[in-house]
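**Student:** Chains as they are written, first to last, in the numbering used here: chain A, 142 to 579; chain B, 494 to 706.
It is worth saying that the hints were derived from the structure and are not from the lab. Please note: incorrect hints may appear among the correct ones.
Stated by the list, open to error - The calculated label-pair distances, taken between Cβ atoms and stated as ranges, are: (1) A:K484 <-> B:R697: 35 to 43 Å; (2) B:A539 <-> A:P205: 48 to 56 Å; (3) A:P434 <-> B:L691: 25 to 33 Å; (4) B:I554 <-> A:K304: 40 to 48 Å.
Unchecked claim - Quick look at which bits of chain B chain A covers, simulated, 3 or more residues with Cβ under 8 Å: (5) 597-606; (6) 609-617; (7) 695-704.
To be verified - Just a sample of chain A residues kept apart from chain B, beta carbon distances all over 10 Å, derived: (8) E225; (9) L355; (10) D423; (11) V424; (12) G449; (13) H452.
Glycine included, every Cβ here is placed at the ideal spot set by N, Cα and C.
Below are the chains, spelled out letter by letter.
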Amino acid sequence: MSEFTSSPHAESTSTDDSATPTAITGASILLDHVTKRFPGQTRPAVDGLTMEIPAGKIVMFVGPSGCGKTTTLKMINRLIEPSEGRIVVDGDDVTDMNSDTLRRGIGYVIQAGGLFPHMTVATNIGIVPKMLGWDKARIAARVDELLELVSLDPALYRDRYPKELSGGQQQRVGVARALAADPPILLMDEPFGAVDPITRLRLQDELINIQEELQKTIVCVTHDFDEAVKLGDWIAIFNEGAQLEQYDTPERILGDPANEFVENFIGSGAGLKQLTLTRVADVGLRAAVVGNPGERAADVLARVVEAGHGHAVIIDERRRPLQRLSRRELGRLQVISDIPDPKLPVVGIRATLNDALDTMLVSSAGAALVTGRRDMFKGVVDVQTVMDAITRSQAAAGLDSDQAPVGLNTGLFQAQASAAGSDPSEIEGSGDGAGAVQ
Amino acid sequence: MWDFLSDQYEQILFSSWQHFSLVVQCLILATVIAVVLAALVYRNSALTGIANSVSAIGLTIPSFAFIGLLIAPLGFGVVPAVIVVAFFATLPILRNAVVGLSGISPSIVESARGIGMSRFRTLVQVELPMAWPIILTGIRVSAQMVMGVAAIAAYSLGPGLGGFIFSGLARLGGAKSLESVLTGVIGVVVLALILDLLLVGLGRLTTPRGIRV
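Construct all of the structure, not just a fragment, from the sequences and the given hints.
**Tutor:** What follows is the structure, encoded as structure tokens:
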């Protein structure tokens, strides 16, 4: 998927932090003929699953509830011990290593963050480094660094308790805690299931930004196919018994579903779902007139008029957008205030056109402000741009299913005798799939 | 009454201190026993049921009979007093500790295990601190209850204010007998109030802001 591996658009639009090296820090994972049988159940929850998860990529597990996707995820850090098979991380067989040691090297995020209510944000985040024996100063520095990374002001949030945070903030801290010891792998179990839709979009955007910076291997379970399309480099669609129905890029799954099950799972809106494949970064941002708090409103208004724009964007000292003011609002003001507008229509640069449209509709604004890494303002995307892009992508949707890069199945699904109804074509396609992953 | 108090001033203070000390030490012992027992049983529903039954039935045993029965094998003195007071103190704490530990959301425990905390570390760093306010409530209930039980300990010639009550009751109608009983009873009530205040203060100091109600 070209948008992730080489991202010319994102680089050209980023203003100041493009120098940050983005080396892959993730590790590859191999599930080798993994089976899980729970006592008292006749059918295994996971049946002979072989699956390769490439380093530095986001792999999304989707499927109907009870299909074994969460069980599969939890076998990677051995919260659930596999009954049979091997788990290989970065070439090392970890099936028999001490499970606590293993888990300290793998980040784990659950729904609503799973924060410990009796510990402050800083203690929560510092808990894994503390177990690993880091000294206090190093932990404190790391905590601040991570809070910055997840867009929370350390001075403000360090000493708060989880109950003093909103759901979205708790989830951010949960991600920060999982990243604390810089693990190569991040496992996420329905991470954004407990937050409202708008917050979810922002958290997804942030995860994409963080991933761009860190290049971890992320395995994420979700029941939301749109989320899988948006976040995933690869999507694994599971059927009961963790049978892998299709393991491919979002483009290929949408454009070329492997079988009827996948087709039904995607739903009838597959054509429109192509929209979720187009990122805000790909449609071209418009520049905006920017102002800072404390400036005289008349000065900003003059610049707006000069540029022929209708609005000005007010950003703080770290280039995070605070307000979007129309000419009329600027005319009424004396001095620009520094109070953030909670209803500001903001989307991340890696957000999809669907998200951008959603955001605009919810805030009833004709445009959305686009932010990059660490919420820094990048530009504006408006309804017309989005509509044009939609028209173009719909026209192109019929043609480009072969254009998708690295479009091979990386899964090696080994059909077991007991796994009823497996499609032989998957096994056939899996041979060259393994070669696609280095 | 005042004469009695001023005459017996030193004896009353000494006995009060002994009484208080007996109760506090037994409470500490009981808390340790109760928390260890609770930690052993709370993850098993059958054992949890047994623990809850024991703590309910145990409270119905008359303390006077219990201490009387213990005198035969253990003799008079401090030992039977400590056993009886600690036994009764354990029961409410055990019940609350089991309730507190099993009330913790499984997702919190899973996330603790998921980030690499061992079973024991999860218990010590996550589950017990989170259950602590409930355990402390149990300790407060215990403290009130065993203040009275400790007075009975005087029957086995144990330490404490019970001595004033028993000696007063034994010669009721005699000189200063009523004063003696009243001194014991009021002393116990005052000590109970003081201890409860201290425990409330302890709760304030030891409950993190994040789980304060």
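**Student:** Could you run down the list of hints and mark each one as holding or not?
**Tutor:** How the hints compare with the structure:
1. A:K484 <-> B:R697: 35 to 43 Å: 40 Å, holds
2. B:A539 <-> A:P205: 48 to 56 Å: 35 Å, violated
3. A:P434 <-> B:L691: 25 to 33 Å: 51 Å, violated
4. B:I554 <-> A:K304: 40 to 48 Å: 41 Å, holds
5. 597-606: holds (count 6)
6. 609-617: With 4 residues closer than 8 Å to chain A, the region 609-617 of chain B meets the three-residue bar; holds.
7. 695-704: holds (count 4)
8. E225: 22 Å, holds
9. L355: 18 Å, holds
10. D423: At roughly 36 Å from the nearest Cβ of chain B, D423 of chain A sits farther out than 10 Å, so the non-interface label holds.
11. V424: The assertion about V424 of chain A holds, with a minimum of 38 Å to chain B.
12. G449: 52 Å, holds
13. H452: Its Cβ never comes within 10 Å of chain B, the nearest being 41 Å, so this holds.
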